[in-house]
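Colleague: Following the hints, complete the assembly by docking chains E and Y onto the known chain B.
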Amino acid sequence: MKGSRIVFWLFLAPVLVWLLLLIVLPHMDLLIMSFRGENDYGDPVWTLQNYWNFFREPIYWLTFVRTALYSVITTALTLVIGLPVSFHIAKIARHKLQSTLSLLLLLPFWVSELVRIYGWMILLRESGVLNFFMLKLGIIKTPIEMLYNDATMIMGLVYTSMLFMVVPLISVMESLDDSLIEAAYDLGASRLVIWWDIIIPHCKPGISSGCIVVFMLALGNYLTPNLMGGKNSLWFTEQIYNQFIASFNWSQGSAFGFLLLLLSSLIIWVGLKLSRQKLGEVAS
Amino acid sequence: MDNDLSVRNLTKKFGDFTAVDNVSFDVPNGSFFSILGPSGCGKTTMLRMVAGFEEPSSGSIEIRGRDMLGVEPNKRPVNLVFQHLALFPMMTVAENIAFGLKRRKMAAGETAKRTETMLERVGLPGYGAKRIDQLSGGQKQRVAIARCLVLEPSVLLLDEPLGALDLKLREQMKVELKKLQAKVGTTFIYITHDQSEALVMSDRVAVMNRGRYEQVGTPQELYNEPATPFVARFVGENNAWAGSVSECDGKEVVIRTDGGFHFRCRAKGALRNGDRADLYLRPEAMRINPRETEGQNVFEVTVKTILFDGANSRLLTVTPDEQELLVTLPQNRKFDHIAPGDGITVGWHPEAGICFAEQEREGA
Amino acid sequence: MKKVIVLASLMLFAFAGVAQAAETLKLLTWKGYAPKALIDKFEKETGIKVEATYSNNEEMIAKLRATRGAGFDLAQPSQDRISSVQAKFKIYQPMDYSKIDADLFIPSMLDAVKKNTLVKGKSHAVPFCWGTSGLVVNSAKAPGASSYKDLLNEKYKGRVTYRLKRPTLIAMGFALGYNPFELYSDPKAYKMMLDKIEKTLIAAKPLVNNYYANGDAALASIRSEEVYVAMTWESIGWKAHADNKAIDYIAPKEGALGWIDTFAIPAKAENVDAAYKWINFILKPENAAYFSSQENVPTASKGANKFIKPEVAANFERSFPQEAIDNIKWYPPVPAKLESMEGKTLDRIKAAN
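Chains as they are written, first to last, in the numbering used here: chain B, 1012 to 1295; chain E, 5 to 368; chain Y, 85 to 437.
Calculated directly from the structure, the hints in this document are not laboratory data.
Predicted model, so just to flag it, every value in this text is computed and none were measured.
Treat the hints with care, as some may be off.
In silico lysine-lysine, BS3-like type, Cα no more than 30 Å apart, as pairs [as the list claims (entries may be wrong)]:
id, chain 1, residue 1, chain 2, residue 2
1, B, LYS1147, Y, LYS386
2, B, LYS1242, Y, LYS225
3, Y, LYS225, Y, LYS323
4, Y, LYS225, B, LYS1152
5, B, LYS1242, Y, LYS386
6, B, LYS1242, Y, LYS323
7, Y, LYS352, Y, LYS110
8, Y, LYS199, Y, LYS183
9, B, LYS1107, E, LYS17
10, Y, LYS147, B, LYS1242
11, Y, LYS199, B, LYS1152
12, Y, LYS183, Y, LYS110
13, Y, LYS413, B, LYS1242
14, B, LYS1242, Y, LYS428
15, B, LYS1289, E, LYS17
16, B, LYS1102, E, LYS106
17, Y, LYS329, B, LYS1152
18, Y, LYS386, Y, LYS323
19, Y, LYS115, B, LYS1152
20, E, LYS134, B, LYS1284
21, Y, LYS110, B, LYS1242
With the Cβ distance kept under 7 Å, some of the chain B side facing chain Y (calculated, not the full set) [what the hints assert, rightly or not]:
id, residue
22, TYR1159
23, ASN1160
24, ALA1162
25, ASN1243
26, ILE1256
27, ASN1260
Think of the CB as a built atom: it goes at the ideal place given N, C-alpha and C, for glycine as much as any other residue.
One chain only, chain B, in its complex shape:
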């Protein structure tokens, strides 16, 4: 009994060391840094100024609100597209096709996000592939600029996050008994009602975990908003980057980082409350 305890801790130790050294300690350092500032004489002091700046300066919290709002939109769109897609893969496609379709979903993730985004840019830009073909086919007279606007950016985010929504959805949908759907259909339910009353309640844990992952990914994304986004697409992560890299203000950057962590956790908490779920249920 005692021996197995020791073995347990022995196996756990590398994980704990990993967590401590690479996750806990750097975060502690950032946390401490976020409370550091300078007084008028340029001497370092403890201060809440960095956090206060976020709320006082509209540019900062507005950017956060914008980022959060767009992340929510991205999450909702990903869900709306992901539901039928995963339903098709989990329930309608034949077994052989199923794995092919899953593989197709996975395929874009074999290249880095940067390459994927550049791919979209080549496709959509004014002198890009799509415009070329539309001009050739005579659909349009002059090329259209499809890059650098919010819609394109959201599309890019949805594309980037789709897999993370579809995978948990497929796994919960596979556990849904087909006869429940047929029973509802038999009892007079329309397709919409079946989705709303049977499939979605059953898939709730998958939907929540998918949404959390997608929301966090969208909120923390840097490349897509920066490269595909428009001229107005200031993303909160970019502000953190700017604080660290362009303004050398690590304290402010750390404070923003923790605010991002706190506020996104808050949003997820509210989301779970609204859908009456517990985090434990979702994670299991």
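Modeller: Just chains E and Y now, kept in the frame of chain B:
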């Protein structure tokens, strides 16, 4: 209109495989109709076509005179009780039952009233607020049926709903279902591979094999007058002998079994001298050590084992040519002296044995 | 068995030791600043291997700041980004000018860098190369564009690009008639200028095709003729000019913005000798000329001009007549406070609708 359901020349093909092969039948109003057959005989496919989940390859389905072709399942006046019940786990009992009513846009008050009435009718008053996982197997069963009956369907379809229950409960539910059907008067179409379920509950039973109906009739007809060897084998227990016809006399024939017995019995279908034939004989048709042997088929067997099962007790015996034979052992204390190894005389009336021309083996 | 393993691991360590013993120079630099051919040549001459890490000003500072000046033997920050960073974070060590071959440098440029990197009485850098930000214009589509004001010109609506970084703010300052460099010492006046620039650039947003993220993106936009007027570096313009003669770099009327990239030695450099060797090596005229020919970037090497490829020399002569050179506005060192001010201005411009 006398028939709730009438099916004409119904065929369903999956690729090269014919699941249902040109079947026609009628189900009269308010009757309990069963489709009995081994698994894979096409009975589930048949049911799913009536419910609307499968489209027939050809043929027609009419419910109360209305053609159902191309009508979606949610628009058909039939409801289906699923094999595994398919109760919605995310809803309470009352919500499950009210599900169909809500779809019909019924007012909330009326819905609640009907739900409670239906719960009372299936013997679960006050269970509305319970969750599905709080119910026992039998209670779930009743909720599943109530969920369909509350919609007052023209026809209620049941897909082996007793399959998952344990034996005792199954016996009990058989009786309850029969009583419930009599009470509500809805037409039930019940599919099962369990002949006892079909015989106990049904007004009429269709025996199905390899996509076709072998015979449709009352349970008594099926039991006493099987139309085909398959029905004889499948419905109730039967002993079978292979042999050939040695005498032919209109309705009666004499079979010489391969073991050398000569038995007089009834013939089904045309039989001529020398034809190969199979003889079917129910265990209860045989009398042990009969006093009266006049006009009966009488022969000697050796008792191998006693299969004691209360009122359903039987003797497993062997003829001298090693053919096994089940003989009913009446529990009237008269035969308590019989022990394994004993030789006994058995006799049966020629009316009790039925003989069919030998069929080609299954799958040939 | 055990012995074999021990022996094997010992040998492995020994080899690792040998590999370590071969001298290396860890260079933190910009893409293209250490051409492969020169690295090979340097290794042949000195036996020192060069490990180059590519970066930009901001990341260079961030990297060195994170390690407090360790991990690299030689860095190449721009001269205007050294003194304030050094005063605050102390990530460089003073340059030992006795180890530098001063004859290799254009004297005026060496003196300017020395003066601009002076912190606590010691200088911290020597010049390597220089260049400018100005306009790249497609003269077939936008004839006559020659001022930073053309970045705000309605005529080129949707056909303009610039980077949303500080050079653009400086250029706009000049375009609006300020001299931003003179305002460096007066934060209040500088702030007023920034506010004016902010308004101007927000108003000009509809004219902009996109704020490009890096040189490659700018080059792609110019080459594909999606934009006609860009504010960017001369090397971009000259690359585009090679394919399309209508496109060229123009030193704007207000003056091109001149930058000098330097060599500075991080505070905790391990191989300082190698660092000096590399500086003296790469500034030799033939080596500097090789780099210039490759990258279209002029250097601080005194005798390099006669070794430069003629077409590169031609680029230079076309874009920089004498008066343009005289008019170059060289970046003075940036006071630290200004950058956070500029950061907010840039954020607000990007966020505005």
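Colleague: Compare the structure with each hint and give your call.
Modeller: Each hint tested on the structure:
1. B:LYS1147 <-> Y:LYS386: Cα-Cα ~54 Å, so violated.
2. B:LYS1242 <-> Y:LYS225: holds, 23 Å
3. Y:LYS225 <-> Y:LYS323: At roughly 18 Å apart (the allowed maximum being 30 Å), Y:LYS323 and Y:LYS225 satisfy the hint.
4. Y:LYS225 <-> B:LYS1152: holds, 19 Å
5. B:LYS1242 <-> Y:LYS386: Since the Cα atoms of B:LYS1242 and Y:LYS386 sit roughly 43 Å apart, the hinted pair is violated (cutoff 30 Å).
6. B:LYS1242 <-> Y:LYS323: Roughly 26 Å between the alpha carbons, so the hint for B:LYS1242 and Y:LYS323 holds.
7. Y:LYS352 <-> Y:LYS110: holds, 12 Å
8. Y:LYS199 <-> Y:LYS183: Satisfied, since the Cα-Cα distance of roughly 18 Å is no more than 30 Å.
9. B:LYS1107 <-> E:LYS17: Distance of about 22 Å is within 30 Å: holds.
10. Y:LYS147 <-> B:LYS1242: Within the cut-off at roughly 29 Å; holds.
11. Y:LYS199 <-> B:LYS1152: Answer violated: Y:LYS199 to B:LYS1152 is near 58 Å, above 30 Å.
12. Y:LYS183 <-> Y:LYS110: Since the Cα atoms of Y:LYS183 and Y:LYS110 sit roughly 19 Å apart, the hinted pair holds (cutoff 30 Å).
13. Y:LYS413 <-> B:LYS1242: OK: Y:LYS413 and B:LYS1242 at ~28 Å, within 30 Å.
14. B:LYS1242 <-> Y:LYS428: holds, 16 Å
15. B:LYS1289 <-> E:LYS17: violated, 48 Å
16. B:LYS1102 <-> E:LYS106: Answer holds: B:LYS1102 to E:LYS106 is near 26 Å, not above 30 Å.
17. Y:LYS329 <-> B:LYS1152: At roughly 27 Å apart (the allowed maximum being 30 Å), B:LYS1152 and Y:LYS329 satisfy the hint.
18. Y:LYS386 <-> Y:LYS323: holds, 25 Å
19. Y:LYS115 <-> B:LYS1152: violated, 40 Å
20. E:LYS134 <-> B:LYS1284: holds, 24 Å
21. Y:LYS110 <-> B:LYS1242: violated, 38 Å
22. TYR1159: holds, 5 Å
23. ASN1160: violated, 10 Å
24. ALA1162: violated, 14 Å
25. ASN1243: Since the shortest Cβ distance to chain Y is 5 Å, the answer is holds.
26. ILE1256: Nearest chain Y Cβ about 4 Å off; hint holds.
27. ASN1260: holds, 6 Å
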